[in-house]
Amino acid sequence: MLLTAYLLALLAVALAWPVPLALSRARWTSRSPFAAMVLWQSIALAGGLSMIGAMAVYGLEPLGENLVAALRRAVQIVLSNQTSDELHFWHLFALCAAALLGVHLVFTLLLTYARIVTQRRRHRELLALLSSPSGALERTVVINHPAPVAYCLPGGSRSVTVLSDGLMETLAPEELDAVVRHERAHLTQRHHLLLWAFEAWRAALPWLPTSRLARGAVSSLIEMLADDVARRSTPDPVLVRAIALVAVGGGGDGVPASAVPAAVDEGEDVDVAARLSRLLTPRPPLPAAATGLILAASALLLAVPTALLLLPGLG
Numbered sequence: 001m002l003l004t005a006y007l008l009a010l011l012a013v014a015l016a017w018p019v020p021l022a023l024s025r026a027r028w029t030s031r032s033p034f035a036a037m038v039l040w041q042s043i044a045l046a047g048g049l050s051m052i053g054a055m056a057v058y059g060l061e062p063l064g065e066n067l068v069a070a071l072r073r074a075v076q077i078v079l080s081n082q083t084s085d086e087l088h089f090w091h092l093f094a095l096c097a098a099a100l101l102g103v104h105l106v107f108t109l110l111l112t113y114a115r116i117v118t119q120r121r122r123h124r125e126l127l128a129l130l131s132s133p134s135g136a137l138e139r140t141v142v143i144n145h146p147a148p149v150a151y152c153l154p155g156g157s158r159s160v161t162v163l164s165d166g167l168m169e170t171l172a173p174e175e176l177d178a179v180v181r182h183e184r185a186h187l188t189q190r191h192h193l194l195l196w197a198f199e200a201w202r203a204a205l206p207w208l209p210t211s212r213l214a215r216g217a218v219s220s221l222i223e224m225l226a227d228d229v230a231r232r233s234t235p236d237p238v239l240v241r242a243i244a245l246v247a248v249g250g251g252g253d254g255v256p257a258s259a260v261p262a263a264v265d266e267g268e269d270v271d272v273a274a275r276l277s278r279l280l281t282p283r284p285p286l287p288a289a290a291t292g293l294i295l296a297a298s299a300l301l302l303a304v305p306t307a308l309l310l311l312p313g314l315g
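Residue numbers (the UniProt record's numbering): 1 to 315.
Treat each hint with caution, since some may be false.
As the list claims (entries may be wrong) - FRET-style restraints, in silico, Cβ to Cβ:
1. Glu169 / Val103: 36 to 44 angstroms
2. Pro173 / Pro146: 13 to 21 angstroms
3. Leu92 / Leu310: 21 to 29 angstroms
4. Tyr6 / Thr281: 41 to 49 angstroms
If you are wondering where the hints come from, they were derived from the structure by calculation, not from laboratory data. Virtual Cβ for every residue (Gly too), placed ideally from N, Cα, C.
Let's have the full structure, built from the sequences with the hints guiding it.
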């Protein structure tokens with residue numbers, strides 16, 4: 001099992017820095033944002049599993065030939081209140097570190113969710129006071145604000161799209177329709193759940209390059225996915241004008257605001273220039289074979305640490 005622990009540790013290191021750094025610099029991601037999103041999720045999940053698994057396997061290594069046998073032996077020791085001469089200081093230290101990291105990740109995920117729910121409830125209460133229903137658009141409210149503003153507020157059956165009257169005055173009807181389609185795509189594709197998971201990952205391990213790079217990349221990718229939905233019924237030049245007008249009118253904050261105020265982090269800007277460049281100089285989507293390879297690599301990333309943990313130990 002000692003070799004298994006070393007392999008998991010090497011995988012954790014690779015997924016903590018060189019792999020996410022290379023992916024953040026890749027140029028193909030804008031051609032297939034869905035595949036890139038899946039790959040980012042696999043990197044985060046496999047990295048966390050490898051980190052915790054490496055410490056757990058190292059700590060349990062003296063108790064069995066594989067993780068299942070070692071766990072069974074550890075449970076017997078705890079239930080029978082026995083002492084184990086096999087476990088030394090560094091084994092106990094690794095086990096404690098694995099347990100603490102696992103609890104920390106789960107606790108941060110739940111804490112982030114609680115914070116998001118609280119923010120959304122307060123936001124919804126403010127909207128009830130400061131907004132009025134849009135007569136022309138279903139499940140859409142309008143706030144009295146001169147700057148062009150558009151975002152979505154998730155909430156299941158209470159989800160709404162929020163527009164400012166400044167936006168409605170600035171955009172032509174077809175441009176406004178593109179913005180609304182963009183925002184509703186965030187709701188239908190549940191982008192706020194992705195942002196929640198990656199924000200929790202960044203909050204739990206802010207020193208880890210993966211968490212910072214992944215959060216920024218995911219923010220951009222969900223904008224591209226929503227743009228692609230809007231492009232199905234809106235010509236690219238119309239969508240470009242809508243994005244540019246809102247970004248300039250809103251002070252360059254990156255609008256449509258995407259679900260950021262409704263999700264987790266209102267202070268993180270999205271790269272509007274990258275979105276506009278993608279629309280102004282469109283590149284063909286990745287071939288089906290390339291997309292399949294990326295999805296297969298994503299599945300393999302999750303399968304490798306899982307197999308190392310469940311199969312008989314190496315060494």
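Hints versus structure:
1. Glu169 / Val103: 36 to 44 angstroms: Violated, at about 51 angstroms.
2. Pro173 / Pro146: 13 to 21 angstroms: For Pro173 and Pro146 the Cβ distance comes to about 20 angstroms; the hint holds.
3. Leu92 / Leu310: 21 to 29 angstroms: The hint (21 to 29 angstroms, Cβ to Cβ) holds, given that Leu92 and Leu310 are roughly 23 angstroms apart.
4. Tyr6 / Thr281: 41 to 49 angstroms: Since the Cβ atoms of Tyr6 and Thr281 sit about 46 angstroms apart, the hinted range of 41 to 49 angstroms holds.
In this structure, the one hint that does not hold is number 1.
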